[in-house]
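J.: Construct the complete structure from the given sequences, taking the supplied hints into account.
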Amino acid sequence: MTDFVTHVRARLGDDREFVFVRDDGSPARLTFAELDRRARATAVWLAGRGLTDQPVLLLYPAGLEFTVAFLGCLYARVPAIPAPLPDAGAPHANRVRALMRDAGARLVLTDSAHAAELSGFSACVADPAVADPDAWTPPAMTAGTIAYLQYTSGSTSDPRGVEVSHGNLLHNLELFRLLARNTPVRRLAGWLPHYHDMGLVGLQLQALHAGADLVFMSPAAFVARPVRWLELISRYSADWTVSPDFGYAWCTRRVTDEQLAGLDLSTLTMALSGAEPIRAGTLAEFERRFAPAGFRPTTWNPGYGLAECTLMVTCVPQGQGVTVRRFDPSALERHRAVPLPEGTPLVACGPVSGLDLRIVDPDGFRPLADGEIGEIWVSGPSVALGYRGRPAETRATFRAGDSAQHGRWLRTGDLGFLLDGQLYVTGRIKDVIIINGRNLYPQDLEEAAARANPAAGRSAAFGVRRGDGGEHVVLVQEIRRGQPGDLGETADRVMDQVTREFGVPLSLMLVARGAVRQTTSGKLRRRHMRELFLSGTLTPLYAELEPALNDLLETVA
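Going by my numbering, the first residue of the sequence shown is number 1, and it counts up by one from there.
Calculated from the structure, these hints are not laboratory results. A virtual CB, placed ideally from N, CA and C, is assigned to each residue, including glycine. It is possible that some hints are incorrect.
Heads up, simulated EDC-like pairs for lysine to aspartate or glutamate below, C-alpha to C-alpha not over 20 Å straight-line [to be verified]:
#	residue 1	residue 2
1	LYS430	GLU471
2	LYS523	GLU447
3	LYS430	GLU333
4	LYS430	ASP420
5	LYS430	GLU372
6	LYS523	GLU372
7	LYS430	GLU447
8	LYS430	ASP363
9	LYS430	ASP361
10	LYS430	GLU546
11	LYS430	GLU393
12	LYS523	ASP158
13	LYS430	ASP356
14	LYS523	GLU478
15	LYS523	GLU276
16	LYS430	ASP158
Computed spacing ranges between beta-carbons, pair by pair [stated by the list, open to error]:
#	residue 1	residue 2	range
17	ASP264	GLY470	26 to 36 Å
18	VAL324	PRO27	36 to 46 Å
19	ASP53	GLU342	35 to 45 Å
T.: Following this line, the structure appears as structure tokens:
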């Protein structure tokens, strides 16, 4: 089979279903057969408006209507663009317009509840009831046909539309299937947004590809009451779930003893973690907290991926559990991975399977040996076609290396190393802070700050260029509302901890909860935070800044 639609339609029937659990706990259900019927009707509606091969923006709340619209686009050979519903206000409206302009989209599809407020974007409601599903004729599609556009999260740059083909999608979903070995997934449960690659591919499309049930909820409902996610797993006996590190950490912090007593996580055979740095502490704390509910250590499946490779690059197969190794921090600063029993813990993201992966010197493009840290390059059928309407960026990112000799390589922009057959990810090239020739990873500084002040919120570390040409470390740290203690004392504890561990001077700014920006998938937008800091637009509750930085900010002001 060369296209996703043909593959999915071979697995249709009334014995599998999508279940969306509303915020009040009531379920909405669609069997695979009903999804197919509504998707065919939507495809007839789209084709009747001459939208074949024309991208369409999908602005839907969490729920089954998005799934129907997305499948309808696939059935009509219309590249869908999943995106979050814009909040009220000009900045959000401008982002939608920019996205439509970048993709060349002329139409927005939404549900009836949001059609009026989105009328300024030519929004329509594609009602499957107004078209005849039996009038659908499958359009010609190949492995190279664009299936959808996945806009990147924008953690280090402006969002760009990744063109994902049917061949990319089928290959990447096959990698997911192979993770299960001889125990195919039966029912998935999750909360991730449908406009995020992990929620779209890892949950919704994986369920369709595998012929598995999917039970899901809105991200807002999860954030407000995280036990709801675990209750879905318990109530529906799910065997797979998918989440970034944030989701597991949020449950550990917020689920009460009383809530824990009502959970049964023993049916879980795979809990995938990815999309952002995987912290060994998060996995260990979740494991300890939910062991009484039946969660097993072998359930963990850490992985690494990105939208430019559809989703997954590497992942630990079912039943292997977590591999955490510790490395000499001073060697990591020199881009070498040297095991050290009391060193920095790093989580293995699984072996390479079904794709080619190499670690490359990002400056000289020289392949590196195991244990040497460099840029992660990937090649294979999961690597997407490129960025929509951006030929120069596509060449720079998707055409790395000598194509005649080595094929087409994707430059991920991420740093990591291979050791004993497993991939370890250490950070992003653009986030690394270089101090006197040392390479400092911002997440290490942020974790040290968290240890000094466990009651704090998110933090973002980045480098700022001083007047003498050297780089200086800045940490922006959230303070939770109602946190006890003097702000000056809190700042001293954080600065002492980071300075003691890393031996570098530090400027610190304490800010209100929510001030540290992140993407829709929970990735810190460190470069954006640096821009906000340098522009003087952050509002500090307390600050301890190097005099040169104070002078710089006063000049900006």
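J.: Would you mind marking each hint as holding or not holding in the structure?
T.: Hints and how they fare:
1. LYS430 <-> GLU471: 14 Å, holds
2. LYS523 <-> GLU447: At roughly 15 Å apart (the allowed maximum being 20 Å), GLU447 and LYS523 satisfy the hint.
3. LYS430 <-> GLU333: 15 Å, holds
4. LYS430 <-> ASP420: 27 Å, violated
5. LYS430 <-> GLU372: With Cα atoms ~18 Å apart, LYS430 and GLU372 stay inside 20 Å; holds.
6. LYS523 <-> GLU372: With a Cα-Cα distance of about 25 Å, the restraint between LYS523 and GLU372 is violated, given a limit of 20 Å.
7. LYS430 <-> GLU447: 19 Å, holds
8. LYS430 <-> ASP363: 13 Å, holds
9. LYS430 <-> ASP361: 14 Å, holds
10. LYS430 <-> GLU546: 23 Å, violated
11. LYS430 <-> GLU393: The hint holds at about 16 Å.
12. LYS523 <-> ASP158: Judged against 20 Å, a Cα distance of about 14 Å means the pair holds.
13. LYS430 <-> ASP356: 24 Å, violated
14. LYS523 <-> GLU478: Within the cut-off at roughly 15 Å; holds.
15. LYS523 <-> GLU276: 6 Å, holds
16. LYS430 <-> ASP158: Holds - the C-alpha atoms of ASP158 and LYS430 are around 14 Å apart, at most 20 Å.
17. ASP264 <-> GLY470: 26 to 36 Å: 55 Å, violated
18. VAL324 <-> PRO27: 36 to 46 Å: Given about 38 Å between the Cβ atoms, the range holds.
19. ASP53 <-> GLU342: 35 to 45 Å: 57 Å, violated
Hint check: violations occur at hints 4, 6, 10, 13, 17 and 19; the rest are consistent with the structure.
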